[in-house]
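Numbering (our numbering), first residue to last: 4 to 286.
Bear in mind the hints are in silico, worked out from the structure with no lab data behind them. Every value quoted in this text rests on a predicted model; they were computed, and no experiment measured them. One or more hints might be untrue.
With a straight-line cut-off of 20 Å between C-alpha atoms, the simulated EDC-like cross-links for lysine to aspartate or glutamate are [unchecked claim]:
| hint | residue 1 | residue 2 |
| --- | --- | --- |
| 1 | 264 | 108 |
| 2 | 264 | 105 |
| 3 | 123 | 108 |
| 4 | 269 | 238 |
| 5 | 179 | 108 |
| 6 | 190 | 169 |
| 7 | 142 | 161 |
| 8 | 264 | 182 |
| 9 | 254 | 161 |
| 10 | 142 | 95 |
| 11 | 264 | 188 |
| 12 | 190 | 221 |
| 13 | 264 | 112 |
| 14 | 190 | 256 |
| 15 | 166 | 112 |
| 16 | 163 | 140 |
| 17 | 142 | 221 |
| 18 | 254 | 188 |
| 19 | 163 | 192 |
| 20 | 269 | 105 |
| 21 | 123 | 105 |
| 22 | 269 | 240 |
| 23 | 123 | 95 |
| 24 | 166 | 182 |
| 25 | 190 | 140 |
| 26 | 166 | 177 |
The calculated label-pair distances, taken between Cβ atoms and stated as ranges, are [claimed, not checked]:
| hint | residue 1 | residue 2 | range |
| --- | --- | --- | --- |
| 27 | 168 | 126 | 19 to 25 Å |
| 28 | 97 | 249 | 27 to 33 Å |
| 29 | 248 | 108 | 18 to 24 Å |
| 30 | 142 | 277 | 24 to 30 Å |
Every residue gets a Cβ at the ideal spot worked out from N, C-alpha and C, and that includes glycine.
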Amino acid sequence: MRRLLFTVISTQLRASVWLLRIRCADLRILMYTSSRSIVRLSCARVMNFPNIASSASKSNKTRTAIFEFLREGNLVFMVAADIDFRIATPDDASTVAGIITEVSEGVIDHLLGGVFPGMKPQSILEMILARGSGNLDLKNILLVNVGGELAGLLFAYDSKLQKVSDIMLGFLGETKVNEMRPLLEAKADNAYWINTLWVNEAFRGQGLAQLLIKLAEDMARGVGCSSLALHCWADNERARRFYEHQNFVLKGEIPTASALKARHPKAGELWVKQLADDARNVQ
Numbered sequence: 004m005r006r007l008l009f010t011v012i013s014t015q016l017r018a019s020v021w022l023l024r025i026r027c028a029d030l031r032i033l034m035y036t037s038s039r040s041i042v043r044l045s046c047a048r049v050m051n052f053p054n055i056a057s058s059a060s061k062s063n064k065t066r067t068a069i070f071e072f073l074r075e076g077n078l079v080f081m082v083a084a085d086i087d088f089r090i091a092t093p094d095d096a097s098t099v100a101g102i103i104t105e106v107s108e109g110v111i112d113h114l115l116g117g118v119f120p121g122m123k124p125q126s127i128l129e130m131i132l133a134r135g136s137g138n139l140d141l142k143n144i145l146l147v148n149v150g151g152e153l154a155g156l157l158f159a160y161d162s163k164l165q166k167v168s169d170i171m172l173g174f175l176g177e178t179k180v181n182e183m184r185p186l187l188e189a190k191a192d193n194a195y196w197i198n199t200l201w202v203n204e205a206f207r208g209q210g211l212a213q214l215l216i217k218l219a220e221d222m223a224r225g226v227g228c229s230s231l232a233l234h235c236w237a238d239n240e241r242a243r244r245f246y247e248h249q250n251f252v253l254k255g256e257i258p259t260a261s262a263l264k265a266r267h268p269k270a271g272e273l274w275v276k277q278l279a280d281d282a283r284n285v286q
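Generate coordinates for the entire structure from the input sequences, incorporating the hints supplied.
What follows is the structure in structure tokens.
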């Protein structure tokens, strides 16, 4: 039996309960909700989630179930309780900066290390995000909360913002910027750049990362982009497998700064996913 999930169009979605009734014979979806604050949901477009049900049913003390499935004859009921999608605010700057620093695997530490003596790179990033500058702006960061706990983060924007600004050059210095320029300016034609994709360990294995990719696709289409693009370390086999499964294609190498080669001897890679024409996705 196919397990399906609707694609969310709005990045401002808030819901206390989702209940989808899936008629497996013709894949029609009827949606019910106890919240009136849900806006702009696309009930026509659906996508496969082959692992959600099995992962959710195997949830244990270290994993929090996002979705629950109830079966009645040829109908499958999927419930996602107390899930909230929202744009990051200044109150989130510290948490967000910590996640981005961790996921960057040395990039933020190298870029911002020593900029302000006695100030940690994560704290500097927090300050930059709170002020908002170019791509480093909280408005480009989507947070997912489940049951009041932060479950996921998507930091993405039009790749036109993926560049070295004069402010960045003056702030970081020419030497440091130039050695990191291949990554700072990495992009693909007409692409929406995924800077950071993160899922809380307690919520992994349930399809949330896949949902965040679908959200990024909708955001990309919303600003006229025809693809998604991102940087992935060549030695991160788990991430590479995930992106390949999501139909990303390896397009080439992104050179690594010499200071990061000890940690990432295989350098970085550019992965791109071409988006199908929007009309083709409507069932």
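Right, here's what the structure says about each hint:
no.	hint	result
1	264 / 108	12 Å, holds
2	264 / 105	17 Å, holds
3	123 / 108	15 Å, holds
4	269 / 238	6 Å, holds
5	179 / 108	17 Å, holds
6	190 / 169	19 Å, holds
7	142 / 161	12 Å, holds
8	264 / 182	12 Å, holds
9	254 / 161	18 Å, holds
10	142 / 95	11 Å, holds
11	264 / 188	19 Å, holds
12	190 / 221	18 Å, holds
13	264 / 112	14 Å, holds
14	190 / 256	12 Å, holds
15	166 / 112	19 Å, holds
16	163 / 140	14 Å, holds
17	142 / 221	16 Å, holds
18	254 / 188	15 Å, holds
19	163 / 192	9 Å, holds
20	269 / 105	19 Å, holds
21	123 / 105	13 Å, holds
22	269 / 240	12 Å, holds
23	123 / 95	18 Å, holds
24	166 / 182	14 Å, holds
25	190 / 140	18 Å, holds
26	166 / 177	14 Å, holds
27	168 / 126: 19 to 25 Å	21 Å, holds
28	97 / 249: 27 to 33 Å	30 Å, holds
29	248 / 108: 18 to 24 Å	21 Å, holds
30	142 / 277: 24 to 30 Å	26 Å, holds
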